[in-house]
Each structure stands twice: as structure tokens, then as C-alpha cells.
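Colleague: Read off the chains here:
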Amino acid sequence: MNMMVSPRKKLIVIGNGMAGMRTVEEILHRAPGMFDITVFGAEPQPNYDRIMLSPLLAGDKTFDQIVLNSLDWYAEHKIELIAGESVTTIDRAARVVTGEHGTTRHYDILLLATGSNPIVLPLPGVERSGVMTFRSVADVEKMLETAGPNKSAVVIGGGLLGLEAAHGLNLRGMEVSVVHLMPTLMERQLDASAAHLLERSLTQRGMTIYTSANTESLDGEGESGPVHSVTLKDGSRIKADLVVMAVGIRPNTNLAKASGLACDRGILVDAAMCTSDPAVFAIGECIEHNKACYGLVAPIWDMAKVAADHITGLAQTQFTPIATGTRLKVSGVEMFSAGAFMGDETTDDIILRDAARGIYKRLVLRGEKLVGVVCFGDARDAGWYFQLLKDEESIAHLRETIIHGPVTASADPLEALACLPDTAEICGCNGVKKSSICTAIAEHGLKSVDDVRTRTKASASCGSCTNLVEGLLKLTLGAEFSAAGAKPMCKCTTHGHDEVRHRIKGGMLKTIPAVMQALEFHTPNGCASCRPAINFYLLAAWPGEYVDDAQSRFVNERMHANIQKDGTYSVIPRMWGGTTTAGELRAIADVVDKFNIPTVKITGGQRVDMLGVRKEDLRAVWQDLNAAGMVSGHAYGKALRTVKTCVGSEWCRFGTQDSTSMGVALEKATWGSWHPHKVKLAVSGCPRNCAEATIKDFGIIATEAGWDLHVGGNGGIKIRVTDLLCKVTTDEEVMEYACAFLQLYRMEARYLERTAPWIERVGLKYVQEKIVDNAELRRSLFEDFLYAQKFAQIDPWAEESACNTRGKKYDAMAELV
Amino acid sequence: MDGMNKTNFLDVGALEDIAPLGARTIATALGDIAIFRTDGDEVFALRDQCPHKQGPLSQGIVHGTSVTCPLHNWVISLQSGKAQGLDVGCTPHFAVKVEAGRVLLSLP
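Those sequence lines, one after another, are chains F and W. Position one of the first sequence corresponds to residue 1 (this note's numbering), numbered consecutively onward. Position one of the second sequence corresponds to residue 1 (this note's numbering), numbered consecutively onward.
Think of the hints as simulated: they come from the structure by calculation, not from any bench. Nothing here was measured: the structure is a model prediction, and the numbers come from that model. Hints may contain errors.
Claimed, not checked - Okay, the calculated bits of chain W under chain F, using three or more residues with CB under 8 Å as the criterion:
| id | region |
| --- | --- |
| 1 | 20-30 |
| 2 | 42-56 |
| 3 | 70-83 |
Glycine included, each C-beta is placed from N, C-alpha and C at the ideal position.
Generate the whole structure from the sequences, applying the supplied hints.
Modeller: Below is the structure:
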């Protein structure tokens, strides 16, 4: 009936990694529907960004954030993914592959993208538990099982991968040593001077570096106990709960060899990426072309294009290896190298050193051409140098100023960007060229950096090329860009709130000056609008690490009280769930008398407000309230304010659940948390809703069956009734959903955006997907919230009244009366 | 020069007692005076009252050489006491300097 006239050809890809999937994307881009595609992957996960393993290890990214092609993507393109099954045989005569679990598939064209294996040195003790490599998500998971503060790790190998692993483990609080066989670190990418600066910089971060060090053995208890130390050839011993071997990779040719394909170090391919069998192509780290093997992404993206051209038969392109540059993904270390950076007797050097700033730049020239670059400490101009190197044109006219970068050559950065050729690489992480970005902007009507990220992946990983992407948007869209792009945070910057947050996380920015530097703020220290926002974003991004900047707090949060029109303050202690005691009320009465507080008022959030307290009296007032067991109510902050409750089933004849206890428990769990704006909760014990939970940020209403959870309500200028998030049955669920919701809000909403406009902006469905549908994400948001609370639940009143230096701000500096 | 008033500077405290990008007040017979410190350790003195609704400028956020009033976000120049942008108003400013880590204020 519905017969296919000519059945589609079958393409099988062995290897579900970056190289294989990039080729599939290129094929789909050229000829969607030409093939029935099956992908075999030995790893159980969908395709992820292997370059981002180090941020994953360091905890800067989650696995979800490094997934390149989600399972939905495979389904959408009707690709059969057989994950978690490695292929054991290829019958080239019958054109059939068989997996380890017995799955067989026929192919017309086969693509091998089997990648590489880490080299494991045959050292005594290598089989002990705790010894591992650094190549896959499974390796990272294994490391994290052992990693932790006060434990020691030894990384064998001081190359790119080894140092990224060492950095990640260091950030996890481990005592990290790097053992490197050669006299200098990263000798394949750095000359001795740059390597020295790198070593110094890593040592300052607390790592111990052993160079010219040869490992003798990996030691543990008895024959098979877990590793506890590493012995070097010179007899020295290093404590190690974890040993990571990162000495290099070897193309994975086992399957190709077994099926009789020509192999040497790698699977031999021609410039069309075709193996010795015309029906079999190979790509990526498993191949060898012209006696060279590849381990960096840029040439692999080129291979993917060539392979896609030949597999679809649409073009006869040839793979020509181009120079590649290397950057180290260690936050705060700017490093780049490319080409013949060591120089020889036929080359000249131009060198710039700035010892105080730790900057070293070396340009290697042969005749009038740039042939090698090393930058350390300042790699801003790396892209420009790299382009000059690839262009292979005379730089004679630039020679006098070239070491200072393109700034002197062209004062306008936009003009410099316009001058870059179409083939210039903008995003090194994802290998995106200038032309791809400009084409995508024009073809798909992209308006913002985020649009470009989604469409091209440029600037989606480390974010260091964001300024370039923005520049290209400006160049392509002209005046339309600023109008259409994200609204700047304030006049100090062109960046919007979301961009600033993205860069804080992606760029590991941990101080306000670092943010302002990296995002090129126009003002020396921001303004009253951006500083509190950045301070909050840093506080939310780096709990326990970022030190709050009091001078970037609005007066109320700096003084822990609400400023009034006459310059006096109002003081509101916390009353858990709106409950109080005779003792608390008596203490409040005494404070009112003692300090002549003119007005006492009951607030809408079920607490007592003392108005008209003089600045000089604040600390004494707090001390008295603290002594009676009361703490700050944060009535002054962009923070968790109140949890309003009704009396509930304990007293009320209609109550179905104990709303008061639930409210108290929620307030005890959430007090002290900082948010983009104030946050109010309420718990009603029955649908009569006496606690007015449906105009709160998070409202809870008891039913006979459990609890209804409502979100995004607001009783302010613009009243908004909550949306029903979901229904739950247990008290534990209420706690988990509430905290997860607050965490999502504090991590994603813009500063001064309350939950109501936030939900209207992102949509209720978005929030439900994250909090209701995705139990794993909810769980991890809940845990993140609890973790941040460990550092947030400190009563500022007790802290301020105990600290003399902080206390100074409450008193006059001098009295000249 | 002859005839010029000899300005009289009073020691009002140590520079380190004012946080960078912060302010402290001095109680005087003329009312409170706010002393501001920039991130470059320059100091400025203004009457601690915003020309708009008398908000305490000492409690505002200091940025560059301006302070934003905590009550209604007027931005006041630390150098001249003048309101910036479209707002119009001026608050008195006083001579102040730092010598050997001490803040010296001159009152008229």
C-alpha cells in the first residue's frame, strides 16, 4: 500500500561522541532524509561535550549543561540510538555490524568514530582501586566518589588534560599534586618561560608540581588494597587517595583492525575521510591522515564537513589540516599557543614580558610571516594572532606594534572584527567560524547573543568570545541590534541581566571588580542599580565562597533595618509562622519603653513592627531582642520575608491540616535566603484560605488529600493571583517543592523581578517542567538550596551587634557639637 | 596671601574607619556632615541631607565620585553637592582632606 519506491540507504555510525554526531549533524544539514541512521555508543549517555569534562569535574557545569544532543534530538531526527552497547564485529563482506549484546544492523555506509583511549602506564599498582583515567563522564563520576576536602590526589601528566583534571580536583577541595615527566609543564604547547609562569600560577592555587619526575609505583595495602600513595623514582612519596593518569591518548583502532581495515597508529584515511574500504569512513581521534593523528576539536569539525560531503556525495572536498591553537580551561589562567612556538635558527622572536602582571607574549616570525604564538597571562589578542598565523601573509607593516595586539593597528574593535576574514574562528570551544555566525544571524533573524548560542553554539561553553559574538550582531544588524537585544542592566554596561549571570557562572567570575572587568563596564565601580544586582548574583552563584559586599547593598540590607522617610529605622523580629509567646511580647514591650520607640504596629505578615528607631540605637535594640530569643525578620531585604499561616487543624473547626506547624517548618528552613526580590510564603489549613496563600510567591493550601501548591502570586501594585503548580500529598514533598521553587527563582530570575513577573516571562509550563516533571532536577535544586542555606542562616543582628568593626557604621565618626 | 582666611582643619578620625565606597557621619552644630570615601581613597564631605527630601546621603551607595540617595535614588555629586541628571538641587559641601591616614575636615 504505502510502498517505498527506493528504500533509503542505511548509515551506521559507531561512536556516539562529538566527531560522529557532528558528522551526522552535517549530513542532516545537507540532505535530511537521505539515510536511515543508526548510532552505536559504548557509553550509556547521549552525546556530550567532552571538552567540558573539566568544568563538570570542577562542579561549574552539570551533566545536563554539557549534553550536545539530547535524546529528544535523536527522536526528532528519527535516529536510532543504541547507547550502552559497543560494537564487537564488523562483517564488511555482508555489511553487517554486531554489538556486544547481539544487536545486528545492516549498513550501506559505515562511519567509524571510535575516538581514542587514554594511555595507561604499566606501573606496578596500576590495577588498584582509586587509580583512574580522565576521558569520560564515567571517569568523572568515579573521581567524584573519592574526591572531597582534606583528601589527596595525584595527577600523572602535566599536559592539557592532566592540568584541567588537577584544577577540577583542586576546586573540589583536594590536596593536588601533579607529577610530570618533562622538565616543564605542557611542553607540547608552551615554551619554558610560559611554562614557568603557569607553574607559578598553579602553585599559588595550592597545587604541588613535580617536574622531571618519573613515577615508580602506585602503592596501597597488600597486593590489592586501594591506592594510598605514589612513589617517585627518586624515592619521594606523595599521599594519594586518588590517582589520575592523564599522559596521553591513543587512537582506538581495535575494531577497525579486527575487521581488516588498514591501520597504523590510527585508522588510515584519505583526504575524503574514507578508509581502505570505500563503504567505510572514519573520523575524529581514531584516524590517521598523512601520518598525523588529531586530539583537538577544530580539525575534527573540518573532518566532519568533508566526511558529510562525501557520504552524501554532494561535494568532493578534501581535508587539509590547518594550524590549531590551544587554550587551557583553568579559570583565571589565560593561555594560548599555536604553531611553531619554540622557534629555530631560521626564526626571530618578538617578546613582551610584564613580570608584575605575570604577562608573557612571544611571537615567532620566519621572514615576514608569523609562524608561532605563545601568550600567557593575557590572551585577549590570541584570536587575532592566530588568524595572522593561518593567513600566512606578510606582517612586515605590523612588526613594530604587533606585540601590543590589534588595538594599535585598529583602534575600533568593531572595525577589527569587520576586518577578520569569514573563516576566522570566533568560538574556540565549539569551533564556530565568523561566517557561520553571520549567516545564522541573517538567515534565522537572530537578535541576541542567546539566539546565536542556541543556533550555532558559539559562546555557549566558556563564554570568553561573547564580546566577539556581540560585535558580529552589531555588524550584521547595525542599529537594530541595541534596540532588539537584551535591555542593558543599567547605563554602566551594554549587557543585560541574563548575560551577566551567564558570564559569572561560565567565566568563574567571583568578585564585583572581576565581573566589571570581564564585561567591560564603562564606569569604575558601577552604580546604585547594578552593584546590588551583581552582589546578589555572585552570592547566589558561589555560596560559601563569595564574601558579601556591604557597600553594594541597599541601605536597608546594609543596616538590617528599614529606613524611614525621616532617616530613622523600623525593626521587625521574626515570628515563626506568625506565632509568638508572652515572653517575646514582653521583651518587645520592654524594648519599646527603653528606647522610646514612637510607633508599634502589627504588619500584614503577622509580626510586630517597631517604627522610628534611631540608627545609633539599632544594635542595642537587637541585643535585647536577641536576648529574648528573637532574630532578624529580614523585613528590609530582597529575601525570604514571612510565612503567613492560619491556625489550621489544631484549633480551627474547618482546618484539614496543621498549617501553622507547616508554616513554622517552612520558615525555619527558608529564613535568611537572599532572592532577586522579596519573597512571601503562606500556608492555609483549608480551601477557605484565611492565610491568603493565593497572592503569595509560594502559597500552600491544605485539602483533604494533602496540599495544593500555588506559585507566582502578588498583592502589590499589580495584583496577581497564583497559578496552581501541582498537588502533593506529604509534608516532605511540600518542603522539597517549596525549596526547589525558591532555588530556581533565585538562580534564574533577574534582580528586582518578583516571582509574578518572572513566571509571566518564562511561563508556568517552564516552571512545572523543572519542578514537577523532573524529579531529579527538583531534588538537586532542593539540595542546592539547603547547601546555600548553610551559609545564609546566620542572624545578622547577632553578628552586627557582636562585631566592633562592623558596628562602626551605626555610630557617628566624631561629634563636634 | 594676606587677607585670606586661614582655614582650620579638624581631625575627625582615621581614614580606615570609613569603608572604601562607604561613608560615616560627623555630628556638628550645623547638623550631620557625611564623609565619603571612594575606592581611590579620596574623601569628600557633604551635608548629610539630600536636596530632594532630606534623605541621609551617608546611607547611600557610593559609586565613582557620586552617591545615590537611599530614599528616592537621586544621584548627588560628591565634589559639588549638585544633583546629577535631570534633578535640580544642591547640598552644601565642605573642604576635607587626608593627611597621614587622618581625615581632616574644615568647617566654615
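Colleague: Hints first: check each against the structure and report whether it holds.
Modeller: Now the hints, each set against the structure:
1. 20-30: With 9 residues in contact (Cβ-Cβ under 8 Å with chain F), the coverage given for the region 20-30 of chain W holds.
2. 42-56: holds (count 4)
3. 70-83: Satisfied; 4 residues make the cut.
The structure agrees with every numbered hint stated previously.
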